[in-house]
Each structure stands twice: as structure tokens, then as C-alpha cells.
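A.B. asks: Just so you know, the protein sequences line up as chains A and B, in that order.
For the first sequence, the working numbering gives the first residue as 1, with consecutive numbering after it.
For the second sequence, the working numbering gives the first residue as 1, with consecutive numbering after it.
Warning: the hint list may mix true and false statements.
[To be verified] In silico DSS-like pairs for lysine-lysine, Cα to Cα no more than 27 angstroms straight-line:
#1 Lys118/A x Lys391/B
#2 Lys54/B x Lys72/A
#3 Lys499/B x Lys61/A
#4 Lys500/B x Lys61/A
#5 Lys61/A x Lys498/B
#6 Lys75/A x Lys499/B
#7 Lys499/B x Lys96/A
[Said to hold, decoys possible] Computed footprint of chain A on chain B, listed as stretches where at least three residues anywhere in the stretch have a Cβ under 8 angstroms from a Cβ of chain A:
#8 397–409
#9 454–462
I should point out that these hints are in silico values taken from the structure, not numbers from a laboratory.
Values in this document were obtained by computation on a predicted structure and should not be read as measured data.
We put the beta carbon where it would ideally sit given N, CA and C, even for glycine.
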Amino acid sequence: MNALRFSLVLIFLCGLAIWQITQIPKSTLYDAVGASFVPKFAVGIFILFVVLYVYQSLTRKLPDIANDKNEKPLKNPINRLSYFLIGFLLFVLLVKPIGFILSGSLCGLGISRSFDTKISIRSFIISFLISVSVWILFSIMLSVNLGPAFSFKI
Amino acid sequence: MNYFEQLINGFGTALTPSILIYGFAGCLAGTLVGVLPGIGPALTIALLLPLTFKAPAVAMFVLFAGIYYGGMYGGSTTAILLNTPGESSSVVTSLEGNKMARRGLAGQALATAAIGSFVAGTIGTIALTFFAPIVVGVALTFGPAEYFSLMVLAAVSVTAVLGNSVIRGMISLSLGIIIGLVGIDLQSGQPRFTFGGVMELLNGVEVVVAVVGLFAVGDALFLAWQGREKNKKTVIISPKNKWYNWMRKEDWKRSWKPWLRGSFYGFFIGALPTGGAEVPTLLSYYTEKKLSKKPEEFGKGAIEGVAGPEAANNAAAAGVLMPLLTLGIPTSATAAVLLSAFESYGIRPGPTLLTQQSNLVWTLIASLYIGNVILLILNYPLVGIWIKILKIPSQWLYVGVIIISSAGVYGNGRSSFDLALLFFFGLVGYFFRRFDFPAAPLIIGLILGPIAEQSLRQALIIGMGEWTTFITRPISAIILFIAFVLFLSPFLINFYSKKKQTR
Numbered sequence: 001m002n003a004l005r006f007s008l009v010l011i012f013l014c015g016l017a018i019w020q021i022t023q024i025p026k027s028t029l030y031d032a033v034g035a036s037f038v039p040k041f042a043v044g045i046f047i048l049f050v051v052l053y054v055y056q057s058l059t060r061k062l063p064d065i066a067n068d069k070n071e072k073p074l075k076n077p078i079n080r081l082s083y084f085l086i087g088f089l090l091f092v093l094l095v096k097p098i099g100f101i102l103s104g105s106l107c108g109l110g111i112s113r114s115f116d117t118k119i120s121i122r123s124f125i126i127s128f129l130i131s132v133s134v135w136i137l138f139s140i141m142l143s144v145n146l147g148p149a150f151s152f153k154i
Numbered sequence: 001m002n003y004f005e006q007l008i009n010g011f012g013t014a015l016t017p018s019i020l021i022y023g024f025a026g027c028l029a030g031t032l033v034g035v036l037p038g039i040g041p042a043l044t045i046a047l048l049l050p051l052t053f054k055a056p057a058v059a060m061f062v063l064f065a066g067i068y069y070g071g072m073y074g075g076s077t078t079a080i081l082l083n084t085p086g087e088s089s090s091v092v093t094s095l096e097g098n099k100m101a102r103r104g105l106a107g108q109a110l111a112t113a114a115i116g117s118f119v120a121g122t123i124g125t126i127a128l129t130f131f132a133p134i135v136v137g138v139a140l141t142f143g144p145a146e147y148f149s150l151m152v153l154a155a156v157s158v159t160a161v162l163g164n165s166v167i168r169g170m171i172s173l174s175l176g177i178i179i180g181l182v183g184i185d186l187q188s189g190q191p192r193f194t195f196g197g198v199m200e201l202l203n204g205v206e207v208v209v210a211v212v213g214l215f216a217v218g219d220a221l222f223l224a225w226q227g228r229e230k231n232k233k234t235v236i237i238s239p240k241n242k243w244y245n246w247m248r249k250e251d252w253k254r255s256w257k258p259w260l261r262g263s264f265y266g267f268f269i270g271a272l273p274t275g276g277a278e279v280p281t282l283l284s285y286y287t288e289k290k291l292s293k294k295p296e297e298f299g300k301g302a303i304e305g306v307a308g309p310e311a312a313n314n315a316a317a318a319g320v321l322m323p324l325l326t327l328g329i330p331t332s333a334t335a336a337v338l339l340s341a342f343e344s345y346g347i348r349p350g351p352t353l354l355t356q357q358s359n360l361v362w363t364l365i366a367s368l369y370i371g372n373v374i375l376l377i378l379n380y381p382l383v384g385i386w387i388k389i390l391k392i393p394s395q396w397l398y399v400g401v402i403i404i405s406s407a408g409v410y411g412n413g414r415s416s417f418d419l420a421l422l423f424f425f426g427l428v429g430y431f432f433r434r435f436d437f438p439a440a441p442l443i444i445g446l447i448l449g450p451i452a453e454q455s456l457r458q459a460l461i462i463g464m465g466e467w468t469t470f471i472t473r474p475i476s477a478i479i480l481f482i483a484f485v486l487f488l489s490p491f492l493i494n495f496y497s498k499k500k501q502t503r
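Bound-form chain A, shown alone:
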């Protein structure tokens, strides 16, 4: 991924926004500008500046930390990113079926792996303890409903 490829993502977002603008139904109520005016304006501004960004990315080098001498990532950045995303995705998918603590522990395992900590019993135990502490803090001390600590509804 570089600035040019990222601009393709922005172009895709422009396409999505235009499609959504066409889906706004017309209202029969009196309104000076209607429900679609501001969305059209905002999408117009978005498209205008995305076009300028795409133009810049074609004509000159735009900032990308990956190219910065002092800030560029160490080797295997995609692997680290993947571990993080897999960990988070596991949490999103499993929090209801297996409960907060186990899904949080798996998520923690993925995130710690993304910071180059090896997957081991020790890292699972630390993630588990962090999840337990957060669950106790939110569910018991602050009465925030995080659902059951453990659940087996798979």
C-alpha cells in the first residue's frame, strides 16, 4: 500500500457515497433545501479533494510513513498488522458465543503477537488476566453490561 493505492480506496469511497446519494428518497414536506442537499454538498467536497489528492499522488511523492527514514516500520509489518486484525476480528465474532473473557483473551493474544511477543501459555495468561480485570471493572464495579464472563453457545 502506498499513497497512490490509498487514493484508490478513497475513489472507492467516493463511488459508495455517490451511490448512496442516489438512494435518498425525495420528501413531500416543505423544506428550503431538502434532505439530500447537504449530503450532496459534502460528497461533492469529498470528491473534489479526493481528485486533488489523486492528482498529487500521481505527480509528486505524498507522505507515507513507510518511506520515512526514521519512522518506517521494521520488517514484516503486514504480518504484525494481520495478527492484530485477526485478534480483533476474533473478539468481534466470538464475544457473543463464548463470552467476554475468553474472546478478550484471544484478542489479547493476537495483539500481543502483533507486538512481536511469541504465542505462549504465559502470554495467554497475561491476556486472560487483563480481560478478567477489565470485565470486573466494567461489569461489577461500573455496572456496564458486558454480558456473561463465559458462555458456550457455539
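With chain A's structure known, arrange chain B on it following the hints.
C.D. replies: For chain B alone, kept in the frame of chain A given last:
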């Protein structure tokens, strides 16, 4: 009841034990996050935003104020001792502060930073107390047209100033506005940007989810991708003297004027719509360098170079609160997150805030005075503890950040969809950091976009559909003109600097 009596009442509320505990916890947490590089007050307040569903508004805002001020105090500790500024506004402090520490004057540097922060924070809060009602008096004459213009000014000023490119800032801002428009239109009842009526999107996107995703998840993702945290090698320099011996007579003599000058810069620049803490700290540094009787010490560890910028940094924190509380304009990332906290309580900051929520505002201001005292007491003896906390391995720190973020978002309705949105905003935050897009305009667009739309439509209805209503009303016209000039200013500065270079 006049404002002085309301302030006294505010002190009465802020000094009740339950509220005082929130203030103390905020100061403690704020200092802690200020000490930890990469975790600033914006992220911490964002992490705690989900708790607004559970705790009373006064308590939470006192907590947030403590975090905000504490973050400013804590940032200087690591800047001086480790040359690792916890906050971007502490970068200037590290220039002279770390040099002083390396010369064995860590105690003096820490003391002048802490006392300067106290002096500036107090001066800034006094200025806020006196100037806020004046600004509100003017703003109360505003109608929907002026409000709309004000929103435009806020959006443009933050976009033009934050970040290094107007184009990237405007992309961030317009994306924020589009996300803010997701859901049912309040006036016509029509669904917008809901992808064929996705149920979870009909009520719009929760600001909390966007803020936590962009700041907490985005930052953690970026640092994981970068993989550099573990490689940071820092030299820890502990002050050898006892804390009560840190400031000598000579140090007091060299510090008090920079404290006052820094406070002046910090408050007034921080209070501008284009405010922030970076510009006043830099200005203060160069002023002190110019006025110093020992300019040769600059670059080797001059106490004035720590006293002035640190005072400016803390006064700016109070200055930033002024446009936020009186006009509803956030001028920094932390202010944008605070604005979303107001949103969570259904409170709209602006001129009417001081009359409709006077107890909240004056308790918040009173808590700033109290917080300053707490922070002064807290910072001196606890430096050793803050240094130890820095040794927490980054992987476990970020596991904690992500699980707390997820718990906060999931706890508000137990929706997996919200968690997926958090994930989406995390990715946006990662790309924004990597490609140098400012995140604050997105948050500001998300919050102010829908409010600006309502003001626009109301103004047009009142003005019988005439667009000239925005320029025929003098205050609205002036505000729009300022916004226009601000929008053009980066292009003009760029144009003239290029012209100068070619000569």
C-alpha cells in the same frame, strides 16, 4: 445570580467528596497518560467516553478536566527525564529540559515545569472565568445563520491548522460530515447513507465509537504495524536531590517572568479558533531565548527554555476550553473528544451552555482551579513512580487499551455491529496516521456536520429560502469572511514562500 456567585457554587459542588474523588482520579490518570508516550489526553478521554452512559455529567467532566490538565503536566516529566515528550506540545520542553537533566539539574527542570504549569494553569483558568461570560454575551445574539457561519469557521480553522495539508484535512472533514449524516434525517424522516436501510445505521453512527476507533484502535494498529515501540532505548535520569530542594533562589528569579509571558501566549493563542498548544510553546521558547540574560545557555539546558514553554502549554489548555465552552468550537483533538462527551449527555456546548448548564460549567471551571493544586502536590513527590510505569511493556499496554476500548463500546448496547464499526474506524485511524491525514477534522465534521445542517436549514426557512441571509447579517458575514481567509491562508503562505525562494 452573578457569575462570581455561580463560581462559588461551582467550588461548593467541586469540593464535595464524591466529585473531588473524580477530580483526583482524573489528575492521577491524566498525569499517568501524559507520562506514557503515545497515549495522550484525547485517547484517554475517548477510552472513558463509554462511561458517560453510567456516571453523572458533572462527575465525568471534572474527571475529564483532570485528565486534560494532568496530561499537560505529565507530558513534561518524560520530556525532561527521558527526552520522550508524552505530548506534541511538550516537544519544546524537552529541548532544554533534557539538557538540564543531563547536566544533573533534573530537579530544577521538573520543578520549574511543575510550578510554571501551576501558575499558568491558574492564570489561564482565571482568564477563562472572566472572559467566558463576555464571549457568551456576544454569542447570545446569534441566530441560526450566525451559528451556521460559526460551524463553518470551526471546521475550516481546525482543518486548515491541524495537519500539514489542507487537501488531506478537507478529505478528513468531509468524510466526517458524511459519516455524521448517516441515519434518519430529523426534519424529513428520510434515511441517508444507510445502505438500503441497515437497521443499526438508522440511528446514525455513535460519536464514541468513531472517537475510540480512530484514536485508541487506530494508534495501536499503527504502532503494531510500525513495530518500533520495543526498540526505544531511553536513558532514565533520576533527580538526586530531595524534591523540596529542587528550586534555588536563582531558579525562582530566572523562572517567574517566563512563567507569566508563557501564560499570556498560551491563553490568548490557545483561545483563538486556530489555537492549540504547539504555536504558543514555540513562541515562548524563542521569546525567552531572545530576552534571556544568558542566551549562551540555550541549547545546553537553560531554565527559561523550560519555564516559558511549559507555562504556555498549560495556559493553552485553559485557552482551548474557551471557544469550546462558549461557542461550541473545538480547536484541538482533546477539545473535539470533550465535545463528543457533551454530545453523549445530550448537551450542546455554546452560548446557552452557561445559562442552561451553569452548575456544570462553573463546577468544571472550579475543578480546574482545584485540579491545578492537586497536580502540583501530586507531581513533585511521584516522579519516581511515573518513571517506573514507563517500564510496562508496550504489548501489554496496548492489549489493555484495546480490551478497554472494546468493553466500553460493547457495553453500550452489546452490539457486535458497534464492535465492527470500531474495527472500521480503527483501520481509518491507521491509514490516517500512516498517510498523514489529521483525525480531528473527521471528529469535528462528525459532530458539527449535522448541527450545521440543522442551522443552515433553519436559517433558510427564516430567510424565506434566500441564501443572502448569510451575508446580509453582519456578524454572519464577518465570521464567513474570517473562515474564507483562514481557508486560503495555507495556500497563500505556500505561494509567497515559493515566490520568495525563486527570487
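A.B. asks: Going back to the hint list, which numbers does this structure go against?
C.D. replies: Those not satisfied are hints 2, 6, 7.
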